[in-house]
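Okay, here's what each chain looks like letter by letter:
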Amino acid sequence: SDPAAGGGTPKAGGTIVYGHVQEPPCIFGGWIQQAYISRQVLDGLVTLAEDGTVKPWLATKWAVSPDGLKYTFTLKDGVKFTDGTPVDAEAVAWNFDYWENKGGNSTAKVSIDPYYKAAKAIDASTVEIEFNTPFPPFLTLATQGYFGIQSPTAFKSRTEKENCEKPIGSGGFTVKEWKHGEEVVLAKNPGYTSWPATAKHEGPAIVDEVRWKFVADGVSRYASLSTGESHVVYEVPTVNWKDAQSRYQTIRYITPGKPVSFYINTRTGPFTDAAVRKAFAYGADRKSAVEAGFHGVIPYEGNPAVSQATPGYNAEVAKAYAYDPAKANQLLDEAGWTQRNADKVRTKDGKPLTIKLVYGSGFIFTQEGATVLQVLQEQWKQIGFDIKLIPATQAELWGGKYTDPSTFDATPSYWTSPAPSILWIVWRPSTTEKPNGSNRSFYNNETLSAVIQQANSEPDATKANDLYGQAQKIIQDDAAGIGLYTQNSTYAVAQNLKNVWLEKSQGEPVFSDAYFTG
Amino acid sequence: MSRLRRIAVKAVTSVVVIVAAASVTFFAQLAVPGDRANTLMNLQTGQDKKWSVDELAPLNERFGFDDPVIVQYLDYVTGLFHGDLGTSYTQKRPVTEVIGGQLLPSLTLTGAALLVAWALALGITLLTVKRGRFLTSLGTTWEALTASLPHYWVGVVLLVVFAVQLRVFPIIGGTSALGTVLPVLTLAIPLAGFLGQVTRDEFEQVLQQPFVTTARTRGMSDLGVRVQHVLRHAILPAITLSGWALGALVSGAVIAENIFGRPGIGQVLVTAVNTRDLPTVSGIVLVVAAIYVVANLLVDLAYAIVDPRLRAA
Amino acid sequence: MTTVDDRPVGRADRVSGTTELLRVENLRVSFGATEVVGGISFTARPGQCLAIVGESGSGKSVTARTLVGLTGPGARVSADRIDLAGADLLHTTERAWRGLRGRQIGFVLQDALVSLDQLRRVGDEVAEPLKLHRWGNRAARAAKAVELLASVGVPEPEVRAQQRPYELSGGLRQRALIASAIALDPPLLIADEPTTALDVTVQAQVLDLLAASKERGTSIILISHDLSVVARLADEVAVMRDGHIVEHGPAGQVLHDPRHDYTRMLLAAIPSEHTRGTRLSGTATTVQRARRQVDRGRPVLEARHLTKVFRGPDKVDRTVVDDVSFELFGGETLGIVGESGSGKTTTARIALAILEATSGEVLLRGEPWSALSTDRRRPLRKQVGVVYQDPLSSFDPRWSVGRIVTDALATGRRPPSSKTEARDRAVRLLEQVGLTGAHLASSPLRLSGGQRQRVAIARALAPEPSVIVCDEPVSALDVSIQAQVLDLLTDLQDELGVSYLFISHDLGVIHHVSDRILVMKDGRVVEHGTATEVFERPRHPYTRQLLTAVPRLGSA
Amino acid sequence: MSTLTVTRAVHLPKVGTVLSLLVVAFVVAAALVPGLLVDGSPTAIDLKSTLEAPSWAHPFGTDDAGRDLFTRVVHGARESLGIGLGATALAFVIAIGLGFTAALAGRVVDAAITRVLEVAFAFPALLLALLVIAVRGPSLATSIAAVGIGSAPGYARMIRGQVLAVRQAGFIEAAAALGHGWFTVIRRHLFPNAMRPLVAVATLGVGQSIVWASALSFLGLGVAPPSSEWGALLDAGRLHITTSWWLEILPGVVIVLVAISVTSLGRTLQNRLGGAAR
Ligand SMILES: Nc1ncnc2c1ncn2[C@@H]1O[C@H](COP(=O)(O)OP(=O)(O)OP(=O)(O)O)[C@@H](O)[C@H]1O
Ligand SMILES: Nc1ncnc2c1ncn2[C@@H]1O[C@H](COP(=O)(O)OP(=O)(O)OP(=O)(O)O)[C@@H](O)[C@H]1O
Ligand SMILES: [Mg+2]
Ligand SMILES: [Mg+2]
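Chains as they are written, first to last, in the working numbering: chain D, 4 to 521; chain R, 855 to 1167; chain W, 2 to 557; chain S, 25 to 302.
Excised from the complex, chain D in its bound form (with noise of 0.2 angstroms):
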């Protein structure tokens, strides 16, 4: 394709300096703030077209076995890791277990746990991926970043520190310095010739490095492209999105998968009856309070099971529960909770209807999103929930401070997955036998559990997504989630820098195609 797509006069060389937010402890693992940098150094098998479709990268072709249980690729021809390695089937199927088997990568092993049985190499070229049971999804979650292929010599003879700190790949880049604390200096890699079916251009990336900045302030972050100190900012603040549009080249992703959507404790607390959860949905006006917390950027989600920009999304589903305090009330009436105190809780049997909303403070939501809850708070108030906002620390949060059905009644959050079989990740019955950590409404239905996992083994992408819609539809009947938006990331770039795209699974910016004009 033509390297100028981006349109201006390319120039070769020069460094992009690109302003992100969090810095991650390694450049490789699973969370999504390392898929963002590996996705620039390390290449995937597949990748994910803007059609949803999945396309070639490091595999040329790939074939199915008619049980739905083998996957086979063959390797692109010639493709050498940066330290020398020939990215041969050995090098995947090695990756694979590493992933699955090593505790490598504990997001890819989650996404295709249950399914995943084995990789191995049927020839240099040819790795062969087998499945317990049938799983379509596999291919769309196989394009995410954290199914990023390292070098298996490089990681075998390395020091932990050197495998977290520069993993090798045959990606766009490599990793030249890690300055702690202020960047990652990536150099273009000179020998590249493994890029995706996606790309657009062909060859080694243009610009000769990408400073990859960590900037915690939104206000310096956003500021720092007017002064031409950055070329590219995440995460624009929304105050700033209109006049980041009107001076800059923006892009919006919104996120596909689970949207930042309340869990509701379905095990203990007024939530256990379903008619309150209802009351609750109907009782904010979410959307209003979305766009005002975001300004109108970020888009509200009524589903709350699966994001807009998620394959198989049901968009029925989400314009339930739309505001009306009228319904809410009757519903809490009809549901016992009639009475109100002398600040206008409701209350039954003298307990009073007190919420605990835990939200992780200052990482999932930031000031807007706080803001959001705010609004919520005031209206929940009016119909007599009494919505205590709990900011959880990371460490309280990750800790598993609020992990047990007693510390908390609802609670924000999302997870970023290209496939509707997030569903099974996040719904999946929680049993003794097999806990499901992620289930944190405590909501185990079986009727929805043997539709996602029908859906999830399901070889026709419609009817998939027909059952998919389905379940869909049983968890926003029975409100055992609430939709609030759409996880987003949003980027702007200088004028002069062309060719800047996102990657469609997950939204990590590729800069291997990016050039400056003249």
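I should point out that these hints are in silico values taken from the structure, not numbers from a laboratory.
Dumping the calculated BS3-like pairs for lysine-lysine here, alpha-carbon to alpha-carbon at most 25 angstroms:
hint, chain 1, residue 1, chain 2, residue 2
1, S, 72, D, 384
2, D, 203, D, 58
3, D, 245, S, 72
4, D, 330, S, 72
5, D, 290, S, 72
6, D, 290, D, 476
7, D, 79, D, 123
Following the hints, complete the assembly by docking chains R, W and S with the ligands onto the known chain D.
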């Protein structure tokens, strides 16, 4: 001999203080509720769920989280005396390295802030103490104002005015000289107000001392009296406070680093506490404590240079 | 604008007594609305000493400071004339003043012990006027400083020049200060209370030093509240009171044949051997009092071989009190005299059983006292009272006079049973010490020095003790107030028969009040006897040295 | 004797003291009866008038949920002041315990406590706050605890020094010589006189605690929303500084004004009472 002994005692107590600080941190972190392996697992996956015992087993095994606390502690302390601060759970690097890379920017920032604060405080004191109503109230008001300024607010305002609007300084200058100016000012301005107040108090008191009058009766000018006699006495309390101030600056540095996207141990500390990266947190405390101890030794030294009375004691 | 010639007046001009060096006419100084100097006139002549004497607050220091243009912020100065060697000082610019200070006028500040910059070397301090007036180069100045220190009698001047003021004793500091003031050999030297803080022996040396300077033709203005100090040096004396000169004349006449009542009162108030058994205050005429009875039976307080060793910060032991024994009988006053640091206060504190002796013991009425446990001793405390040198610091600054006295009453032999009784008795006590019930509500902070000491005495009396330890009870007071307090103490003794352990460094005071005297030096009792024995037939050379050093009016 | 120096020059011009008093009075009124100063609710949202610049209707403008910032500032006074007072009180309780024990309980205890204080000083205050928050989770009480514990060692050292100084005072010896028991002397003389100069220090501490607590909020570790504790307002306003300046600047000005007022009152008090304790 007794001098040597005093130095030896001082050195030993310093080491005790440092190790104690790190040990307190070690135990304090164990007291933090929540499971370290669970945190690590969530950190690796970007999730916030509870993992099963089986899932956490490898991590527990690897970092020895299941060992009795006392074993973990002894391991840690033994390591300390071998110069080994342990390995970061999250970054997979030795803590010495994690901190090492961030120490210089932090020291530059706090050190420069202290110097600038001193320069500002002294300049303003010399120019405005007892210089007529107007200048004096200008000086006191400035000091009272700046001493009350919250760091972060100064930082944000400086950033917007000088970097975003006027573009005099870079916004994300990192550790470059120009990029260091605003973070340094962020820390220095409130501190200068504080040091200035202390110095001014003392300055005023010293100005009334008989020896100052004596100097005047010898024919010395006002400026001469201020610079040659009063100043030296007036800076003593501020010197004492500088050791403490350096400790406080470390806390302030986190904020400045945050706003100006500057590397430094402050940032690492916040992340490490959040991710329950125990060795890193303890390591940072150890280093900060060491800096504090050294700073206070320097303060003692500076004090003894300025005030030889101490040397006699 | 008058230009002032800033060359020092030549030696030849300094013909003793004839020409005027300084003439001040009708000088007035006020701070805000209060006039502290109300129109005084005097002259100073080369080779002569003018002494300005008067009580605290009479305006002496203000006058002196005005003469160097440093009256202080907010001062308004007016005069008909202030001339120095023919030049007008009234209309002098700050810049011109700087040329005069140190060069034409040497000034020795009142607070000698803190008048040198503690952080600088003594040599630098002494040489500072030289440097300020661009005298010689660095090396020359350093040499000159040493020379100056030697000239004021500082031993080992090279070493001292390298030391800092805090490493020098008070006497040496005072001398260094004088050395600095005379560095440029100014024709006029103003010395404001140059000996107040010094021991008698050192005081004598400093006065000799000034006398030598006078001999060389320097005109000296000596300021002091102590008439006997002045007597040694002054050619002319001006007595100040409330900002006015009430009497002015040749020293011999003013000191021996005073015209003004105030001067007479001041002179009469000086305690000495002549005043024993007489009243010092009140009327100018001396009144013989009835002699009180001393009960020579069992001693009220008895100290046996007291020794106190302190361990200094340098871990070196110092014996501060060394084998001190004494007996104090009922109705008797035992005086302890000695130089600063000789262990007087330490002895007193051991006697009070506030400090534990390293060895030796104190008996109260023949019973163990210092050997008792704190709890056993507490009920006996009412028998021993104490009056300190600095009454102010011995009062809780938050307490009123009434509270202080009633608190002491409550600890006494007969604790008051009701509030009214406490009040009544407090009022009676205050009246006994010459105060009134009106003082009950006052804070000691607002009382004058003499009034404070009276409150302290009232507090000491409240528990009705048989012994009162007085540690320098009058040292901080003006001579006239000192006289009142000493009279009060003796009156109370006559009336109540209490015994006093009376500590002072002032031989005059000791001589005046004591029946028997202990002379202490370096922690040891060097002489012990009745007042007459000790003062008239001193056996120990140290006692003799002390006695000769005492300034006396007679020597003028 | 330092405790007895009574007169010291008063620094701030009288006008300053009066203004400070006014500010403090206003804030105290806001904390006690916010309804007196504003009538709306601090959480009342109005999605039709979001991000409005200051005007007569909204003297401090509105935020992105259309809440009136002035109302929020007034209602935030209670928590902000509460943190300031609470943290200072907590710090003093700890410090009095440590300081008096160290000064009075003998050499060994003194040495031990002095060492502990030294370790505490070597401990970055921020880390302490982070740890407390990690243990307890962010809340009003945690902020108070974090700031209070963080500032206690400084006060403890001051109190120790002060007690040691006052212990030397003549009136302590005089009281003992009168036959009062040690405990009585401590209670009646030592404690009140040692603590007196610290009244001013405490006042200064309140101002500093407010600033400190707001720093925690600024790091996202403060009081839970929808509280309008001032630090939380600053945290919320931060992103808006280039677009809706009032959301960041005005709460900041309020914090600074209050801190400076409390501080200058403290200093005036210090000068009146005499003798700063360091
Ligand atoms: N700077 C000043 N401002 C206001 N009043 C002052 C000032 N200096 C001195 N005074 C007052 O002037 C009066 C005379 O003071 P001065 O120091 O001259 O007394 P003095 O005779 O030297 O007493 P002493 O023997 O105590 O030194 C006192 O009442 C004093 O309070
Ligand atoms: N608590 C103490 N620790 C160590 N040394 C002390 C202590 N108290 C007094 N000394 C020393 O003991 C010596 C005698 O002191 P003391 O106060 O008894 O002298 P003094 O005769 O009362 O002198 P002055 O006339 O100056 O009051 C001095 O050298 C003093 O420094
Ligand atoms: Mg005087
Ligand atoms: Mg004494």
